Amino acid sequence: MAGRSQHVEPIMENQTRFNLNAALENWRQELAGQANLTAEVRRELETHLRDAIAELCQRGLNEEESFGLARRRVGQPEQLAEEFVKADPAAVWRERVFWMATGALAALFLLTTTTPLITIISYCFPSAGKIVDELTLSLMLWVLQILGITFLIVRGNMNLQSSLLASFFKDRFRFAIMTISVLLIAKTFCATIMLWVYVASRNVHGFNGGPSAFIGNYVFASLVFELVPVAILIWLLPTQNRKTPKRA
Amino acid sequence: MLAKDLVAASSKPLVLSILADGESYGYEIIQKVRELSGGHIEWSDGMLYPVLHRLERDGLIDSEWKEADTGRERKYYFLSSDGRKALKTERQQWLAVHNTLSRLWKIKPVSI
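Taken in order, these protein sequences are the chains called A and B.
Going by the numbering used here, the first sequence opens with residue 637, and the numbers climb by one from there.
Going by the numbering used here, the second sequence opens with residue 214, and the numbers climb by one from there.
No wet-lab data here; the hints were simulated from the structure.
One thing to keep in mind: the hints can contain errors.
[To be verified] SDA-like cross-link-like pairs, simulated, lysine to any residue; straight-line CA separation at most 20 Å: (1) B:K217 x A:L753; (2) A:K722 x B:V264; (3) A:K722 x B:K225; (4) B:K245 x A:T683; (5) B:K288 x A:I868; (6) B:K279 x A:R686; (7) B:K245 x B:L219.
[What the hints assert, rightly or not] Here chain A is said to cover these stretches of chain B; the calculated rule only asks that three of the stretch's residues, wherever they fall, bring their Cβ under 8 Å from a Cβ of chain A: (8) 236-248; (9) 252-261; (10) 264-278; (11) 285-295.
Quick caveat, the model's predicted, so the values are computed rather than measured.
Glycine included, each C-beta is placed from N, C-alpha and C at the ideal position.
Could you build all of it, start to finish, from the sequences and the hints given here?
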C-alpha cells in the first residue's frame, strides 16, 4: 500500500496543475462581461462547452487540451455577443426590463404592506409618533427591507433560480393567477388591519362609508400601482406551460 | 466546405428537419449536421444558437430546460406546429432548387 501511494503522487501533481472548475469559472466570468449575452444564453453556452469537453476527453485528450479546444470552438465572447445581437437585438432589453419590473413590483408591494404595519406600531406605541411621523417611519422601514433583500441576493443567500420565486415565473397564466391572488390576499389583510386600528383609535377621518367600502377602496387604490409591473411581467413571460414532447 | 451565405440560408431547413425527427439540443444538432453532411457542412458552435433563438422567436420551435441522463441540464428544442408547416414550405423550395440544378447537371430529379 505504501509503495502504491508513492507511485500515485506524481500523477496527482500533474492533474492539479490544470483545474477545470477554475477554468470554467474564468470562462463564465468572461462571458458575463458581455452585456449583450443574457443569463439564459450564457447558461446554454456553458452546457455546450461542457458537452464538448466531455466528448474530447473521451477521445483521449486531457482536461486542459479539451477545455482549450472546446473553448476555441465555441468562439470569442465578443463575436458570440455580436451574433446574438444580430439574431435578436431586443433580447437583452427584454431580460433587463423583466428584472426591472420584478424589482418595481417587489418595491411597491413592500411599500404598501409596510404602511399598515406602521399604523399598528404607532397605535400600540403612541409616543413613537411624537419622535418621527408615520410616513418617515414607513419609508425608513421600506428602505431597510429593500436593502436587506438586495444584500441577500447579492451575497447569494437567496437562490432565485431554484427558489419559490422561480415557480412563480413558470408561465404567464400561472404567474397572473398566483400574483393577483397573493396581492389580493395581502391587500385585504392590510386593509382589515388598518380598519381595525382606525376603529380602535376612533379615527373617523380615516375612512368614508362602511367597512367594506373602506377595504374595497384600499385594495383597489393600492393595487393600481402594482398592476403596471404585473402587466409588463405577464407580457414578457412565456405564453403557456409547454407540453412535454415525445422523444423520437 | 459550404460558402458562408449558403450556410446561413440552409441552417433553417436543416434545424427544422432535425427537430422533425424528435427533440434535440444545440450540441447534438451540430454533431448531426456534421455527420449527415459527411463533414461538408461544419457549423461553428457559436453560430447555431442565434439561429435557434431566432427560430424560437418566430414560433417555429419551442424550448425547455431538462435534465439529461448525465444529470446535467440541457436546453432541448422541439418543433412547433407552425414549424412543421414552415418545414413543408422549406422542403418544397429547396427541392425546387435541387431539381432545377439536377436537370441542368443531368442528374435524376426527385419528386416534390
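We went through each hint and held it up to the structure:
no. : hint            : verdict
1   : B:K217 x A:L753 : violated (64 Å)
2   : A:K722 x B:V264 : holds (10 Å)
3   : A:K722 x B:K225 : holds (16 Å)
4   : B:K245 x A:T683 : holds (17 Å)
5   : B:K288 x A:I868 : violated (25 Å)
6   : B:K279 x A:R686 : holds (15 Å)
7   : B:K245 x B:L219 : holds (18 Å)
8   : 236-248         : holds (count 4)
9   : 252-261         : holds (count 4)
10  : 264-278         : holds (count 6)
11  : 285-295         : holds (count 5)
Going down the numbered hints, you'll see the structure goes against 1, 5, while the others check out.
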